[in-house]
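If you read the sequences in order, they're chains E and G. Residue numbers for the first sequence follow our numbering, beginning at 1 and rising by one. Residue numbers for the second sequence follow our numbering, beginning at 1 and rising by one.
Treat the hints as calculated values from the structure; they're not laboratory data. Among the hints, a few may not be true.
[Claimed, not checked] In silico PhoX-like pairs for lysine-lysine, Cα to Cα no more than 25 Å straight-line:
id	chain 1	residue 1	chain 2	residue 2
1	E	K287	G	K43
2	E	K44	E	K482
3	G	K33	E	K35
4	G	K282	G	K108
5	E	K174	E	K35
6	E	K35	G	K45
7	E	K482	E	K382
8	G	K282	G	K272
9	E	K167	E	K44
10	G	K272	G	K242
11	G	K90	G	K113
12	G	K133	E	K35
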Amino acid sequence: MDMTPIAEAQRASPPPASPAADDTAPAVVQGLYAKRREIYPRAKIGDSLALFQKWRWAAVWATQLVFYGLPWLVWNDRQALLFDLAARKFYIFGLVLWPQDIIFLTAILIIAALSLFLFTAVGGRLWCGYACPQTVYSEVFMWVERRIEGDRAERMRLDQSPWSARKLAIKSAKHGAWIALGLWTGFTFVGYFTPIRELGAEILRLQIGGWSAFWVLFYGFATYGNAGWMREQVCKYMCPYARFQSAMFDKDTLIVTYDTRRGEPRGPGRRNADRAALGLGDCVDCKLCVQVCPTGIDIRNGLQYECIGCAACIDACDHVMDKVGLPRGLVRYTTTNALNLGLSREAIWRRVFRPRVLVYIGILATVFAALVVAISVRVPLKVDVIRDRGAIARETDDGRVENVYRLQVMNTTERPRRFVVSAGGLTGLALVSEPAFDVPAAATASVPLRLQAPADDVPAGTHKVQIDVVAQDDPAVRVTEKTTFLGVRR
Amino acid sequence: MSDFSSVFWDYYILIITVVSVVGCAVFLWTQSKTRVAVGPDGKVKTTGHVWDGDLADYDNPLPRWWMWLFYLTVAFSLVYLALFPGLGTKFGGLLGWTSTGQWQAEVKAADAKFGPLFAQYAAQPLEQVARDKRAVQMGERIYLNNCAQCHGTDARGARGFPNLADNVWFWGGAPEQIKVSIVAGRNAQMPPMAAALGSPEDVTDVAHYALSLSNSTHDPVRAARGKEKFAACAGCHGIDGKGNPAIGARNLTEGGWLHGRTVAAITEGVNKGRYGVMPAFKGILTEPEIHLVSAYLLSLSQSPGATAPAAAPAK
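Extracted from the complex, chain G is given alone in its bound form (with noise of 0.2 Å):
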């Protein structure tokens, strides 16, 4: 309402809807004591206009009881202002209604009656509620309201969002590392890394060393010659490449290339760095429902065909 803070608003309205319901009264009023004289052959006497060669005004009386629907009318609008805030914010109504606490009735009510599904499964170690049908089902649900935006419908990720249905976790893949990652986020930074290494020959060497580590396209001179200067790398990355989930280091030797597995990709990643960032869902989504999102996921890492880090074509 800070578009309306002035006053003025509210009396506006008020006296603008106080006043039509009164003026409708009042003409209701004034109709209903007017006479019209008759004629000596029967007739009423109309206004003299014509429409449509027989309408006229005056001639057909309405019902009585119409004109007493019509009080009725005034007398509800009058019962209805006075319950429900239709005189402007000022005047919020007698039973103190308004749409943000009938959607706070619904949601307490939908709490109650879910909430203790939700409880039961929050109560339960993920393992668990990864392997139970319903829940997993449930997860789904709030993955696609919450999270397919980015990771997509299937939770396979795209380019510079992680794959979600595979068993590479850049953070770690125990139930409870998900699960934080959820909470509070995740942010992944990689510095630009091409001074530390020295000219852009040096750089594409140490990505076709990079891909080497995971067997991938390389052309093994470039990338031996990149393993000597991959030392700057192995700060975070680790000598053996394996990385360091506690800070979100990619593990080099598997798959899952968040940023696509080319040297192109690559060398653009060490000259510019990269950046990456997870939003915590802390007060976007309850406890129970985290606890269930991760189960989902869970149960995804831990499908058959998750365990390789790209589900080869099934043709």
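For reference, chain E alone in the conformation it holds in the complex (with noise of 0.2 Å):
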């Protein structure tokens, strides 16, 4: 682990949270808990949004309106995407996966995985710079605060500020914001597992059953508290995420970093000026990489355990850049090989394809090929072959043994189905009981099986018979199933 670029970052950079590197007081002891500083990071950097600040709102818009779009959605006069648990079924789409069919869901967080995996070697922290929801939310809860307040500076002198009626209807109104959002956040959690839109007739009824209650409130709760209370926190105390990340770093990984080479010694300096002649690097310590960053850190001291990788400081460098007239990139994303080995943008791109990556590749493509093979092929209908086992073997009054089972039958279609068993696999075996029935649409049926054969054929023990249950208006909708069938020792 103290090989990678993280560990190095973290022995180079001073640690965080103390105080003595800020305060003008230099402090002699400190707590083992200390009272957090609030960040105020700053959004605005040019006149429009700039490069990487776009990229986060596309992606903001891009969950988000799957996210609260999608339980709206219907498929089949039910909702496209439910998963209701008290029925133990989940409907996705024109899919309605059961219980049973759990590996399903194990494949698609193997993928899941395997995809952060991949994109962590290769591009770092994307996932929490652009699609983690503590990001997205803490993004929208910001632009929800900087509508009411203001960007950084008015926030500050506001949060400075003595309490006053205006203070106070300010803040009752972005909280009150920051609620609503929550609830409707909560809300729409809550109806991916319950239908939503008999969810909401209930709200508006006030007829909201107990446990649906507890969730949205639960969920809006939770929404409210980490994106406008907790933030940069929960990724640097809580996220288990944050700190395993490391092991999937190497030198090779895309990360946002600070040029120290090309910037240091920082100062700053007439525009225009010769800036090697006055012995200065490009940076302009004009500090407003601190200011943009959501979790407070200076990029400046290396990578850093805290960063999240959202580059809003590559913006924010970006357009100092321009205005002195300097080249673009002082901060950029790069790999620790590129800053160190000076490597040109194609030499990057080569190393992309190295081991590791593509182990994660094969692994990642391997899982998700037998996904879309293994739903392919899936029968929408379960048999169970359950022996009795209260009567193992009886003899009829005509000399024959016969055997008792009962067939577990899952429909797993949203139509009824009439099925037909046949039994096969033993001379002269013969079904006797009803050889069909009709499930319900997305049911289970317990359907008892009588199976027979002349006693002359069946010598005492086990023989191997099987039993197909095959839709009747369907012959590819067929299950067959091994079972046994016991002689009778005469």
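Given two chains presented individually in distinct reference frames, assemble the corresponding complex, making use of the accompanying hints.
Structure representation (structure tokens):
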């Protein structure tokens, strides 16, 4: 681990929460708990959205349109996406998953985890910076905050000012808007697990069920608390991914980083002055990169574990470099190796396809292909054959051996179906119970099954037989189950 | 709790729990008062232990609200232990909650929900309930959970366990008689009769005669000889072999041979006797439940497929 750039960066940077680093009066002691210092990230960089700001907002729109919109889609006269926990059925558009299909969920989770590993190995904390709900909701909540309280400077002034009617009004408006947003998020979240239209109607009639109400409030409160109050603390103190990502990092991973060699020694200088002659690097020490940082770090101290890779500092620095007439990219997405070895763009690209990344891609592609194949060959019928435990085998009056089974038949489609059962695998084996039966839509039926065979053909002991269940309207919907037929000792 | 009858274990649990909670609170309090020195370079004086290249003690304070969260968990645990029985069985908790009580409450709620339905069927005569499709389904579910272990999931029994889906009833097939069999149970006893019959040859002869009564495969010569000896059996099974439902003596003229329709099975029964027990379900099932199971069985024996003692193969 200590070979990773993160670990190096952590060593190189001063302790993150040491108050002595910033306060004017140096403390001689500190506690094991410290008051959190509010961070006022500056949003406005230029007159229009900067490059990575645009990307972040695009990610916000993309993820939130999906999140808020999906539960409202309709499919086959029901909610297109519904995880009905009470009925233990997951509806995903045309697909109905039953508890027996949990393997698909496992595959999806494996794909999600491996994708995260892959993106992290290649592009660093892309997830954290652009797609993580914590980042996305913080971004949205900060937007609301700016609309009501103003940007960094106004917010700092407001927070330092004494309480007044105006301050109270502004703060109430902000928290009111946040809570409304949080509750809508909670409502949407619960709408994935209980039909959202009925849930909405219940809320309007004030007849919402206890558990639904609890989860709406709980998730709403979590959104409000995490995106409004906790923000970067979630990443710094709670998120395990922030801490184990260094296992995926290497020196060819893209990180947001400051080009120390080009930037140092930093110092302000007159526009168009010959900085080289003054003995200065390109960093004009405007501190804009610090002001825009949502986690309150200084990227010039190197890569730090607090950095969520949002690239706000890149936008800020590029803007300043444009203004002072220096080339962009003093803070940029690059790799540790590129910085140390002076690699070209092409060389960085070539190093993307290194063994670690190829292994991630290989496993990911395999699991993905397996999932696609498994879902496409999935038969919407499940049959369990349960041998009767009470009556092991019986003899009929006309000298035949009879075995009793119970078929547990699950029709996983959304229309009622008629199935026909047949048995084979043993000479003279005959089905004596009703061969056809109906199963309602997305329901389970328990069907008794009696098989008989002439006693002369069935010596005492276990015989392998198979039971076929096939949909009457579609021969492709067929399940063959193996079971045993017991002979009687005479 | 008889395993923990000594009061020692109550105090053992109580002391461990309380000391743990209080210990956590005290530790938290000392930690919140702990101060670490900050050197002139602004860096915290750590313990000197470094793990994994860069991890050290003291140099990364937790946010203060986190400390309050810890205190909150302590407060929560104390409130919880006061309300619920977490301090051993002696201190039941202020809410008086028990798992038995919760179960009873759930049963009560279920009774309140389903009780009227059961009561509705319980008030109807069995013949009427047996025609009600939903009642029969309810009866089947009760049957599967309580009766299928012996009589099979299709109620067609097994060797030694009567077939309930045909119309052969050892103790009488009237609806109320079926119900009595379930409520009070049955003890069927066939004493060993070999001594009364005579030689093993005589026993075999009687077995052939018994088989002949239901037109089963038998040796007519032996059956004719056995008829004379059958008088010893007639006390229970009757002169005509039609049995006596009052004492569970089988009607030998119909099918439903419980232990096998062979000479070997019958001679074994005559030589050693047979003893069968149907346990009483009173107290295991409620009266309305037994009513529904009876209706289910009645519906089976009344169905067209049940008229033959043992269903002939469909193919």
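Hint by hint, here is what the structure shows:
Restraint check for E/K287 and G/K43: satisfied, since their Cα atoms lie roughly 23 Å apart, inside the 25 Å limit. Straight-line distance between C-alpha atoms of E/K44 and E/K482 comes to about 68 Å, which puts the hinted pair past the 25 Å bound. Taking the CA atoms of G/K33 and E/K35, the gap is near 14 Å; set against the 25 Å cutoff, the hint holds. The suggested pairing of G/K282 with G/K108 holds, with an alpha-carbon distance near 19 Å, which does not exceed 25 Å.
Of the pairs offered as hints, the one joining E/K174 and E/K35 holds, with about 23 Å between alpha carbons and a cut-off of 25 Å not exceeded. Using a Cα cut-off of 25 Å, the hinted pair E/K35 and G/K45 holds, with the two alpha carbons roughly 20 Å apart. A distance of roughly 13 Å separates the Cα atoms of E/K482 and E/K382; the hinted pair therefore holds under the 25 Å criterion. The hinted pair formed by G/K282 and G/K272 fails the criterion: a straight-line CA distance of about 31 Å is larger than 25 Å.
Note on E/K167 and E/K44: the hinted pairing holds, with a Cα-Cα distance of about 22 Å set against a maximum of 25 Å. For the hint pairing G/K272 with G/K242, the CA-to-CA distance comes to about 22 Å; that is within 25 Å, so the pair holds. Distance check on the hinted pair: G/K90 and G/K113 sit about 35 Å apart at the alpha-carbon level, beyond 25 Å; violated. Only pairs whose Cα atoms come within 25 Å are accepted, and G/K133 paired with E/K35 is rejected, the gap being roughly 69 Å.
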